[in-house]
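A.B. asks: Sequential numbering of the sequence shown, starting at 1, is according to this note's numbering.
It is worth saying that the hints were derived from the structure and are not from the lab. Hints are supplied without guarantee of correctness; some may be wrong.
What the hints assert, rightly or not - Lysine to aspartate or glutamate pairs mimicking DMTMM-like chemistry, simulated, CA-CA at most 20 Å apart:
#1 LYS126 - ASP69
#2 LYS126 - ASP176
#3 LYS126 - GLU74
#4 LYS126 - ASP42
#5 LYS64 - ASP42
#6 LYS110 - GLU65
These numbers were taken from a predicted model, which means no experiment stands behind them.
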Amino acid sequence: MQVPRTWFALGILILWAATAVLGDVRLSSGDAAVLAQVELPDGVTAIALSPDGRRLAYAVPSTKEGFADLVRLEAGTESAGSVSIPGTVRDLVFLDEGPTVVGLHHRPAKKRQGDTFLFSWGDEPKINRIMRVPPSSSDLDRWPGGGALLLACRNEIRTFLPPDFRSGPLFSLPGDNFAVSSLGNSTYVVVGQEEGLALLDLSVPSGRLSMTILAGLRTPARVTALADDAEGDEVLVRLVDGRLFRASFDPPGVQPAGTADHIAGLAKAASGPILPFAQAARQAQPASEPEEPDVIVTEIHDEPVIEPEPPPVEPAPEPERQPETPLDEPTPEPEQEPDAPADEPRAEPGPATPTRQLEGRIVGRLELVEAVVLLGPDNILREAARIRPAADGSWAVDDLTPGRYRIQLDGGGDRVLVAEPRFLMVDVSETPARAPQIRAVRSF
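Input sequences plus hints: build the corresponding full structure.
C.D. replies: Here it is in structure tokens:
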């Protein structure tokens with residue numbers, strides 16, 4: 001087969017993945033800024049970039065029917081390695097700076113789903129089949145924070161531990177999971193599903209293997225591929241129709257970023273900032289719409305709400321009250337009684353009784369809630385507090401550092417708790433504040 005060699009070998013390679021080169025992609029690594037570009041053949045089904053950016057691998061349908069060709073390129077050389085494998089290659093990933101590529105290949109069968117395998121390709125010109133995996137397996141990624149390989153498939157995220165690829169912890173995530181991406185060296189991962197993204201925490205205690213869903217973002221269509229940026233705080237998302245989006249969970253948002261045929265490994269190869277969307281065509285996509293139902297931002301201060309009421313009501317009645325205090329005039333006094341409650345808020349350093357810096361209430365299936373979890377301030381990867389709610393669903397917390405917090409419900413044990421809304425965002429200051437209600441719906 002012909003291997004295209006239209007690329008600049010300048011020490012470090014970064015891929016702009018599309019059937020036609022859309023433009024230079026700028027990569028900053030260490031002290032040097034490097035430009036490079038690769039032209040891919042038609043029909044690429046999977047691509048991967050090594051962590052140091054020096055190696056690129058991709059898969060294309062072979063001229064031999066029922067087979068796929070794997071190609072591996074290395075910066076600074078004119079040679080390319082290639083090998084054939086039966087079936088279709090769904091995904092590829094480099095485990096480290098070495099030449100070994102791990103991938104997923106699927107062999108269809110006439111009367112059943114067919115078989116999907118995890119394989120590796122090292123220095124030798126042959127494929128090593130590692131193990132059979134679920135037929136729904138669709139995406140792989142390195143998980144530096146867990147020293148493992150992540151695999152996305154229906155209802156779960158699996159892990160495999162190099163170098164022998166024995167099975168690691170299995171995490172339950174109901175539904176079709178089409179893509180997975182780790183976030184830097186943390187224990188957090190993003191999973192792409194039918195109509196959105198889920199931010200998950202894999203640092204669960206032993207015996208608790210269900211994923212903790214920290215946040216969710218909606219997307220206009222099914223997610224097929226993910227790649228995190230070098231900082232681990234943004235994710236590049238490719239949808240089934242080829243559209244690209246930048247997704248951020250803090251602050252939450254999804255912004256259009258053009259189109260591309262492939263993005264695998266695009267942003268994972270550098271330790272510095274990457275601009276992976278250079279000269280890409282932007283699309284006018286109302287990407288802010290999806291987040292509105294899922295994200296509620298609230299800032300509540302009780303005192304300003306109470307103070308407007310007394311001024312209008314009190315001045316008018318007060319003058320009438322002094323002349324009319326002779327015994328017979330109970331008529332003005334009833335009018336004054338609506339006023340007297342208006343005085344109560346002032347006498348009610350009532351926010352003093354709940355002098356709690358932040359309080360709220362859970363409604364719905366209270367028996368499902370183990371704890372209210374606060375993440376922040378201004379960082380959804382940091383747990384600030386975990387509060388057990390009272391029997392009536394109320395909860396309160398003090399001693400929070402001012403800033404923005406995310407509030408979510410925890411079902412405890414191995415349960416995933418569904419809430420409406422999924423989470424709340426609140427701004428906490430020195431002034432006592434109340435968060436909106438959140439409803440516990442169900443768990444599984």
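A.B. asks: Check the hint pairing LYS110 with GLU65 against an upper bound of 20 Å on the C-alpha distance.
C.D. replies: OK: LYS110 and GLU65 at ~16 Å, within 20 Å.
A.B. asks: Decide if the proposed pair is consistent with the structure: LYS126 and ASP69, CA atoms, cutoff 20 Å inclusive.
C.D. replies: Holds, because 12 Å separates the two Cα atoms, which is no more than 20 Å.
A.B. asks: Can the restraint linking LYS126 and ASP176 be considered satisfied, given a maximum Cα separation of 20 Å?
C.D. replies: Roughly 32 Å between the alpha carbons, so the hint for LYS126 and ASP176 is violated.
A.B. asks: Can you confirm whether the C-alpha distance between LYS64 and ASP42 stays at or below 20 Å?
C.D. replies: Between LYS64 and ASP42 the Cα gap is close to 16 Å, so the pair holds against 20 Å.
A.B. asks: Are LYS126 and GLU74 close enough, with their CA atoms no more than 20 Å apart?
C.D. replies: 18 Å, holds
A.B. asks: Assess, step by step, whether the Cα of LYS126 is no farther than 20 Å from the Cα of ASP42, and give holds or violated.
C.D. replies: Violated, because 24 Å separates the two Cα atoms, which is more than 20 Å.
In the structure shown, a violation is registered for the earlier hints numbered 2 and 4, in ascending order.
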